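Colleague: Listed here are the chains, written in short residue letters.
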Amino acid sequence: MISGVLVIFFVLAGLAVLGAVSLILQSHPIHSALSLILVMVSLAGLYLLMGAEFIAAVQIIVYGGAVMVLFIFVIMLLNAGVEERTNFSKMATFGGVPLALALGCIIAVAIARSSGRLPAPAADGAMSSTRGLSNLLFSEFVYPFELTSFLILVAILGAIVLAQREN
Amino acid sequence: MVPTNYYLILSAILFGLGVLAFVFKRNIITLFMAIELMLNAVNLAFVAFSQALGKPDGEVFVLFVIVVAAAEAAVGLGIIILTARNRRSLNVEHVDLLKL
Numbered sequence: 001m002i003s004g005v006l007v008i009f010f011v012l013a014g015l016a017v018l019g020a021v022s023l024i025l026q027s028h029p030i031h032s033a034l035s036l037i038l039v040m041v042s043l044a045g046l047y048l049l050m051g052a053e054f055i056a057a058v059q060i061i062v063y064g065g066a067v068m069v070l071f072i073f074v075i076m077l078l079n080a081g082v083e084e085r086t087n088f089s090k091m092a093t094f095g096g097v098p099l100a101l102a103l104g105c106i107i108a109v110a111i112a113r114s115s116g117r118l119p120a121p122a123a124d125g126a127m128s129s130t131r132g133l134s135n136l137l138f139s140e141f142v143y144p145f146e147l148t149s150f151l152i153l154v155a156i157l158g159a160i161v162l163a164q165r166e167n
Numbered sequence: 001m002v003p004t005n006y007y008l009i010l011s012a013i014l015f016g017l018g019v020l021a022f023v024f025k026r027n028i029i030t031l032f033m034a035i036e037l038m039l040n041a042v043n044l045a046f047v048a049f050s051q052a053l054g055k056p057d058g059e060v061f062v063l064f065v066i067v068v069a070a071a072e073a074a075v076g077l078g079i080i081i082l083t084a085r086n087r088r089s090l091n092v093e094h095v096d097l098l099k100l
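Residue numbers (my numbering), protein chains in the order written: chain P, 1 to 167; chain Y, 1 to 100.
Simulated from the structure, these hints should not be mistaken for laboratory data. Among these hints, one or two may not hold up.
Anything over 10 Å on all C-beta distances counts as not near chain P; from chain Y, calculated [what the hints assert, rightly or not]:
(1) Val67
(2) Leu77
(3) Val95
(4) Leu97
(5) Lys99
Derived CB-CB ranges, DEER-like [unchecked claim]:
(6) P:Ile30 with Y:His94: 18 to 24 Å
(7) Y:Ser89 with P:Leu25: 19 to 25 Å
(8) P:Phe73 with Y:Tyr6: 33 to 39 Å
(9) P:Ile30 with Y:Pro3: 34 to 40 Å
(10) P:Ser27 with Y:Leu53: 38 to 44 Å
(11) P:His31 with Y:Pro3: 16 to 22 Å
(12) P:Val109 with Y:Ile81: 38 to 44 Å
(13) Y:Val42 with P:Phe10: 18 to 24 Å
(14) P:Leu6 with Y:Ile81: 43 to 49 Å
In this text, all values refer to a predicted model and were calculated from it rather than measured experimentally. Idealized CB from N, CA, C, for every residue including glycine.
If we strip away everything but chain P, and leave its shape as in the complex, we get (with noise of 0.2 Å):
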């Protein structure tokens, strides 16, 4: 018996790997970048599926909305066009591919060993996360919090040296 929760979790992630597939798939980087878009938006689905209510907000205002458009402005700022294929040297095909694997095996089998170990889900909504959110975020870690902002201002500050035109 499925019962919907799970027919929505498996929807969504489909969406999310279909995305993630055409990323790698597509030739041109405009394209690339909406299937980036529809990840991200299925993964903000995933977080409400979840019970993280502001991360769901979050992740479709600044990842979906913010990042991906800054993403589309330098595409078409470059004007980008259909990426050129390079032959591929011997080290990726023989090292870069296998070890790929290995990774992937690495941590499939970490999550197979850790399966009986995980606590079972709280239940639905059991966590109002926003609450406990806020509150941990504006007492423990507050002091990361406020270095965000330095870090943000460091970026800002990087950004415009980077980008501004020499003479």
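Knowing the structure of chain P, use the given hints to seat chain Y on it.
Modeller: Relative to the frame of chain P, chain Y by itself:
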């Protein structure tokens, strides 16, 4: 209720696809998007663990990851614009100034 393992497996799949995209793509902007995909996969694992343990700590971490990703995107795209201006190409194979 969806088991936590399903989320972790999805996260691993997305991370692996991000690694594959990073290895196989040649456009510098697409490589950057592959990094964002990997960060998103890690965020999914964080939220899944946060839900499994019933504590919002993982979500605080996701918030920090999103802030760092946004800062990284701003600086990284600045570097990409600079590279494209100097090299007249977006292919990473042509960015080989430090190569021996």
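Colleague: Could you run down the list of hints and mark each one as holding or not?
Modeller: Results of checking the hints against the structure:
no. : hint                              : verdict
1   : Val67                             : violated, 5 Å
2   : Leu77                             : violated, 5 Å
3   : Val95                             : holds, 12 Å
4   : Leu97                             : holds, 16 Å
5   : Lys99                             : holds, 12 Å
6   : P:Ile30 with Y:His94: 18 to 24 Å  : holds, 21 Å
7   : Y:Ser89 with P:Leu25: 19 to 25 Å  : holds, 22 Å
8   : P:Phe73 with Y:Tyr6: 33 to 39 Å   : holds, 35 Å
9   : P:Ile30 with Y:Pro3: 34 to 40 Å   : holds, 37 Å
10  : P:Ser27 with Y:Leu53: 38 to 44 Å  : holds, 42 Å
11  : P:His31 with Y:Pro3: 16 to 22 Å   : violated, 34 Å
12  : P:Val109 with Y:Ile81: 38 to 44 Å : holds, 42 Å
13  : Y:Val42 with P:Phe10: 18 to 24 Å  : holds, 21 Å
14  : P:Leu6 with Y:Ile81: 43 to 49 Å   : holds, 44 Å
In terms of the numbered hints stated before, the structure departs from hints 1, 2, 11, listed from lowest to highest.
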